[in-house]
Amino acid sequence: MAEEEFTDINGNSISLECHTHSSFCKEFTVTSPKLSLRRVMVITCCVWLFAYAVFFFTANTAVLSSAIILTLVGMMVHIHFVKVDHETLLVIGSLGVQLSSSYASGRESTTFIEMSKLKDIVINEAIYMQSIIYYLCILIKDPVDSEKVSSVVPLFQSSKPRLNCLVEVYRSCQEILTESR
Amino acid sequence: EALPFRLQLKIRRSEMQVNSPSPVPERAIYGFVLFLAAQLGFFLYLLWAVVPDVWLHWVGLTYWPQKYWALAGPVYLLVCLVVCFVLLFGVNMINTAPLASLHNISDAFSRSQRVDEDHAAVIPRLRDLSISEINQKFYLTQTHS
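Sequence order for the protein chains is A and B. Here the first sequence is numbered in the UniProt record's numbering, starting from 1 and rising by one per residue. Here the second sequence is numbered in the UniProt record's numbering, starting from 1 and rising by one per residue.
It is worth saying that the hints were derived from the structure and are not from the lab. Quick caveat, the model's predicted, so the values are computed rather than measured. Errors might be hidden in some of the hints.
Said to hold, decoys possible - Calculated lysine-lysine pairs in the DSSO-like style (CA-CA distance at most 30 Å, straight line):
id, chain 1, residue 1, chain 2, residue 2
1, B, K67, A, K117
2, A, K34, A, K141
3, B, K137, A, K148
4, A, K83, A, K26
5, A, K141, A, K119
6, A, K117, A, K148
7, A, K119, B, K137
8, A, K26, B, K67
9, A, K148, A, K119
10, B, K67, A, K141
11, A, K148, A, K34
Pulled out of the complex, with its shape left as it was, chain A reads as follows:
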């Protein structure tokens, strides 16, 4: 079980934990930085100051209460649906691959891909916003023609690690995948 510090594409520090359960089972967990309290307070203060300024000019108290409700609901939605705490990739040779994202509120969303559907796990480069990034992805086989790729599942989407982290995960995965083919 090794834990290392890396950075993501925006420069924030993330950590990768590699857990080798056995020779054909490995688990990789990428942990994103936690929700920053300072940032939450700054955003809340800005929203409330703006609402107070609007109230000062319009003298309508509904502005203040709606700003409070908006901040609370926005924070809950962000924690439950947007902010990812850690993402896990569990590779079990000859059985399949499990991807799971755990959100800041504790919610977990899991996907399982069978080994017979999985063609390969590769590092691909693609245009994302205004730059080109490396990302790890799973190539899914076409059910009809096993040489063709029918779809692509990108991994570690919320934490977006850089190439050095991806190469480590790729090398470990390939050890298991070459044995299980």
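We have chain A; now place chain B onto it with these hints.
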């Protein structure tokens, strides 16, 4: 039958000259005519914007747009230009394939390419390599880092 070498060169050069961006007398004439027409158009626009309606009616020119458009037209055009810049950026971002799209891995040409048998003494056909192969070469061998 092969044409004599000098004739081949002349044909190739004349074919190439059609597409070159070099300054040529015809282009200078077109440019100057365009410049004169633009100056004339601007002068006429100023005339229409400044001359009172009464004088225009007295000469006989009655069916012109309202004077409001002398100011509104240029403003609309400039706002349109700014929106076009923003829209172009947006259209580019919409057309970029998302990370989960198959277009980042292969496209119609790479799927339908011909793979010839491997002959020893022959240079192989130019083709797209599969991404698994490229990944193994780059990331599994220790020479690249």
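The hints, checked one at a time:
Taking the CA atoms of K67/B and K117/A, the gap is near 70 Å; set against the 30 Å cutoff, the hint is violated. Under the criterion of a C-alpha separation no larger than 30 Å, the hint pairing K34/A with K141/A is inconsistent with the structure, at around 36 Å. A hinted pair counts as satisfied when its Cα atoms are at most 30 Å apart, and K137/B with K148/A qualifies at roughly 20 Å. With a C-alpha separation of about 25 Å, the suggested pair K83/A and K26/A falls inside the 30 Å cut-off, and the hint holds.
At roughly 5 Å between alpha-carbon atoms, K141/A and K119/A fall within 30 Å of each other, so this suggested pair holds. Distance hint between K117/A and K148/A is fulfilled; the C-alpha atoms sit about 11 Å from each other, no more than 30 Å. Restraint check: the Cα-Cα separation between K119/A and K137/B comes to about 17 Å, which is no more than 30 Å; the hinted pair holds. Of the supplied pair hints, the one linking K26/A and K67/B is violated, its CA atoms being roughly 76 Å apart against a limit of 30 Å.
Of the pairs offered as hints, the one joining K148/A and K119/A holds, with about 9 Å between alpha carbons and a cut-off of 30 Å not exceeded. Between K67/B and K141/A the alpha-carbon distance is near 66 Å, which puts this suggested pair outside the 30 Å criterion. The hinted pair formed by K148/A and K34/A fails the criterion: a straight-line CA distance of about 40 Å is larger than 30 Å.
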